[in-house]
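Undergrad: Okay, here's what each chain looks like letter by letter:
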Amino acid sequence: MAAIQTIIDNCSGLTINRRKVVGLQITRNQIPRVSTTPTKNPWQMELDMPTSFKYADARALMESVDTLDRTGYEDVTFSNNACLNWIFAYQGDLTLIDLNTITVTGFVGNVLELNVSLISKPASTVMFKPNDLIQIGNNPYPFTVTTEVLRGSSTTVSIVMSRPNILTATIGGNNITVGNACTFRMFCPNMPVYKLVPGGYSQSGGVTTGNAIIEWSDSFQLYEYVGTS
Amino acid sequence: MDTIPAVENSPPQINSAEFVRITIYNDYEVPADTTVLTASSAYKDEVIDAQVFSAVGGLMSIGNQQKSIRVTSADTTVALSGIQGTLINTVLSTKIRGSELEIWRGFYNTAGELTSTAKRFTGIITSYNITEDRTGLEDSFIVSVNASSYKTVLANRVAGRKTNKESWQFFNADDSSMNNVYSIATQTFDFGRPVTSGGTGGGGSGGSESIGGDFNSGLNQQK
Numbered sequence: 065m066a067a068i069q070t071i072i073d074n075c076s077g078l079t080i081n082r083r084k085v086v087g088l089q090i091t092r093n094q095i096p097r098v099s100t101t102p103t104k105n106p107w108q109m110e111l112d113m114p115t116s117f118k119y120a121d122a123r124a125l126m127e128s129v130d131t132l133d134r135t136g137y138e139d140v141t142f143s144n145n146a147c148l149n150w151i152f153a154y155q156g157d158l159t160l161i162d163l164n165t166i167t168v169t170g171f172v173g174n175v176l177e178l179n180v181s182l183i184s185k186p187a188s189t190v191m192f193k194p195n196d197l198i199q200i201g202n203n204p205y206p207f208t209v210t211t212e213v214l215r216g217s218s219t220t221v222s223i224v225m226s227r228p229n230i231l232t233a234t235i236g237g238n239n240i241t242v243g244n245a246c247t248f249r250m251f252c253p254n255m256p257v258y259k260l261v262p263g264g265y266s267q268s269g270g271v272t273t274g275n276a277i278i279e280w281s282d283s284f285q286l287y288e289y290v291g292t293s
Numbered sequence: 003m004d005t006i007p008a009v010e011n012s013p014p015q016i017n018s019a020e021f022v023r024i025t026i027y028n029d030y031e032v033p034a035d036t037t038v039l040t041a042s043s044a045y046k047d048e049v050i051d052a053q054v055f056s057a058v059g060g061l062m063s064i065g066n067q068q069k070s071i072r073v074t075s076a077d078t079t080v081a082l083s084g085i086q087g088t089l090i091n092t093v094l095s096t097k098i099r100g101s102e103l104e105i106w107r108g109f110y111n112t113a114g115e116l117t118s119t120a121k122r123f124t125g126i127i128t129s130y131n132i133t134e135d136r137t138g139l140e141d142s143f144i145v146s147v148n149a150s151s152y153k154t155v156l157a158n159r160v161a162g163r164k165t166n167k168e169s170w171q172f173f174n175a176d177d178s179s180m181n182n183v184y185s186i187a188t189q190t191f192d193f194g195r196p197v198t199s200g201g202t203g204g205g206g207s208g209g210s211e212s213i214g215g216d217f218n219s220g221l222n223q224q225k
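Top line first, the protein sequences correspond to chains G and P. Using my numbering, the letters of the first sequence map in sequence onto residues 65 to 293. Using my numbering, the letters of the second sequence map in sequence onto residues 3 to 225.
Take the hints with a grain of salt, since some may be wrong.
Across the chosen pairs, the derived CB separations fall in these ranges [claimed, not checked]:
no., chain 1, residue 1, chain 2, residue 2, range
1, G, T91, P, D141, 27 to 35 Å
2, G, V257, P, N158, 52 to 60 Å
3, G, S143, P, S56, 33 to 41 Å
In silico DSBU-like cross-links for lysine-lysine, where the CA-CA straight-line distance does not exceed 30 Å [stated by the list, open to error]:
no., chain 1, residue 1, chain 2, residue 2
4, G, K104, G, K118
5, P, K46, P, K121
6, P, K97, G, K104
7, G, K118, G, K259
8, P, K46, G, K84
9, P, K97, P, K121
10, P, K121, G, K84
11, P, K46, G, K193
Don't read these hints as lab results, they were simulated from the structure. Here a beta-carbon is modelled for each residue, glycine too, at the ideal position from N, C-alpha and C.
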């Protein structure tokens, strides 16, 4: 069983944190002075888990959580669950066929350039809207689009992404994945432990098979595993 | 004085990263035999002065660096964190003391591209420190190296030559200026004292081979 994916599919709250590390000072005359270090700006997600799993049903989950521990990572997506796949859903007007024809021509700084020569759509067609996810090739590190992008009339389009190119692999010619089909490579540095509390009584043939539900010690604070990007 | 365009006119926002290069001299008699270590706080590998600075070099922090208009003697500290103890091995198995430490600051534009660099520190590593800390389930270690600026190193340097034949001829084997030093090594005399016997004079020049006896005679009279 995939531990983090199961937590995502069953969580009762999701906090997304993409704040950068900054040094911020307000001068005596109230002028802000900002110092930043460009980083890989990893995704951080905090998942709240309800006390809902019956012990008898969560044995596999507990084992996978213990196996993953605080250092193992897992590629997760929001498209698996029909109740969740509206999160990060693609907002543009292109079809899947159109999207599959797009290839990457360059990614310098935070400007991604795509080859869209095979897309026969009006110039006013909205390709991407802000917050749309783009994943390059099989690299599980999604970038978000910061501004609305129209098809235009050129063979390429340039898109300002949320973070600079953190990929070390060659990406020229790669296809892209968009929206909730993107995957995130996450690990859980604080991996909560679980406590068995009374409840969830179950019986089989007159024999008690379970009388505990799982209570988690903390929320699951996921952190993007960018060490291998 | 160098001008750093990225910080001219006090801009409201500065995007920067630190780059550290350690040049370890494996054999002091062969200056070209070096091992170079790099580390940076940048999000990707960057090239400065034809040197690739690895983004996964494990740079944790850089200590304060004094900035003055005058040349000053200041020390700094660089803290590194490694994977699988490789940095501990580097510190323990190489001649890291005496290595050259250089620190640059790289400036980025808002798109995350490196636009310029400025060198902040050049010095020599004088000591190192390894900290291993295990508290509960948290296990970490940090390798710190302390470096002194060249000015401190030069100020502490004991140098010069002794006024004897060996020291003089260490620099020039044909230099005979100090060949006669031994003959007057245990003698004392007063410069400027009137000569009371002998013909050459007991004062100043002292370098001639023929005056040794005169020194002695003059000194005997003094006694």
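Undergrad: Each hint should be assessed against the structure and marked as holding or not.
TA: Verification of the supplied hints:
no. : hint                          : in the structure
1   : T91(G) x D141(P): 27 to 35 Å  : 41 Å, violated
2   : V257(G) x N158(P): 52 to 60 Å : 54 Å, holds
3   : S143(G) x S56(P): 33 to 41 Å  : 35 Å, holds
4   : K104(G) x K118(G)             : 39 Å, violated
5   : K46(P) x K121(P)              : 19 Å, holds
6   : K97(P) x K104(G)              : 34 Å, violated
7   : K118(G) x K259(G)             : 11 Å, holds
8   : K46(P) x K84(G)               : 16 Å, holds
9   : K97(P) x K121(P)              : 24 Å, holds
10  : K121(P) x K84(G)              : 25 Å, holds
11  : K46(P) x K193(G)              : 27 Å, holds
Of the numbered hints stated above, those contradicted by the structure are hints 1, 4 and 6, listed in ascending order.
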